[in-house]
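Generate the whole structure from the sequences, applying the supplied hints.
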Amino acid sequence: MTYGDVRAVDGVSLAVDEGEFVGILGPNGAGKTTTLEIIEGLRKPDSGSVTLLGEPVWPRNPRLLPRIGVQLQASSFFERLTAREQIHTFAALYAVPTATADAWLERVGLTDKAGARVEELSGGQAQRLSIACALVHDPDVVFLDEPTAALDPQARRNLWDLLSGLNDSGRTVVLTTHYMDEAEALCDRVAIMDQGRVLRFDSPAALVRGLDAPTRITLADGEVLSTRDPAAEVARLASEHRLDGLQVQTGTLEDVFLDLTGREYRA
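Residues in the sequence shown are numbered consecutively from 2, following our numbering.
These aren't lab readings, by the way, just hints derived from the structure by calculation.
Label pairs and their calculated CB-CB ranges:
1. A75 with D230: 44 to 54 Å
2. E265 with N62: 33 to 43 Å
3. A232 with A16: 32 to 42 Å
4. E265 with T219: 17 to 27 Å
5. R68 with N29: 27 to 37 Å
6. D47 with D113: 39 to 49 Å
7. G124 with L244: 35 to 45 Å
8. Y4 with D141: 23 to 33 Å
9. R158 with S77: 24 to 34 Å
10. N62 with E121: 28 to 38 Å
11. D222 with S48: 54 to 64 Å
C-beta atoms are modelled at their ideal positions from N, C-alpha and C, and glycine is treated no differently.
See below:
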C-alpha cells in the first residue's frame, strides 16, 4: 500500500487463528493503522488479498459487517447527540436492544456521562464510547486501533480486563498498539512492524527467547550482574546476601525491537 512515494505497507502476510488475541506493535508511522484498515476492508490494497471469516473483505462485504466490530483511531460521532443516544444509534443498526447498549456504557465506565453530549466528553471518554459502540452488537472479531492511547492508567487497566474477558469468551481480538507492556500483557502473538513491514510474528515469550540475551540482576547496592542461568545465580546470591531490593530483568519486546532494527524503540 503506497501513499505517493511512501510505501506504508510492504509485503505484509498475517494469519490469525479464531479466538486469538493478536497485537500489531510498532512506533508511529510503522504501518499499523493502514494494515488494520486493509484487513477491515476500509482500504483496498495495491496488491494481494484479505480473507476474513472465510469471506473476502474487498469489495466492501456487507455479510461481514454484523460479525466484526471496529474502533478507529479517530472516530467520528454525531457530536450533538448524547453518549446514550450515540450508542443507541449504533445498537439500532444491528437490532440490539437499548438495554444492552446501556449495559455497554456501564462496562466502559460511562454511565455517569450517558446524558452528556459527545462534544462535551474528554478524549479518554470519547475513546471509551467508541470502544463500546464497536462491541455493542457482540461481534465475532474485534478490531481496535490503539484503543488505550487516550486513557488514564486506571481506565487502561479496566479496558485490558474487558478485552481479556472478551477474548476468554471466544472472541478474536486484533489491536494495534505502541505500548510494549500492553502487547506483552494481552496478546497471544505479536506482529512487530517497522517501516511498513512485519519483522517478526510470534508470542511475546518466543520473541524474547529468540534474543538469547542474558538476564540482568540488580542488587540493592546498584551492582548489576548478567547471567544465562538466573535460577542458579539467585540461589547463589541467597546464600551470600539478603535479597531485599533484588531486581531480576529478562529481555523485553523493546529489546527485541532494538535487536531487529538496530535502534531504540520510540513510540
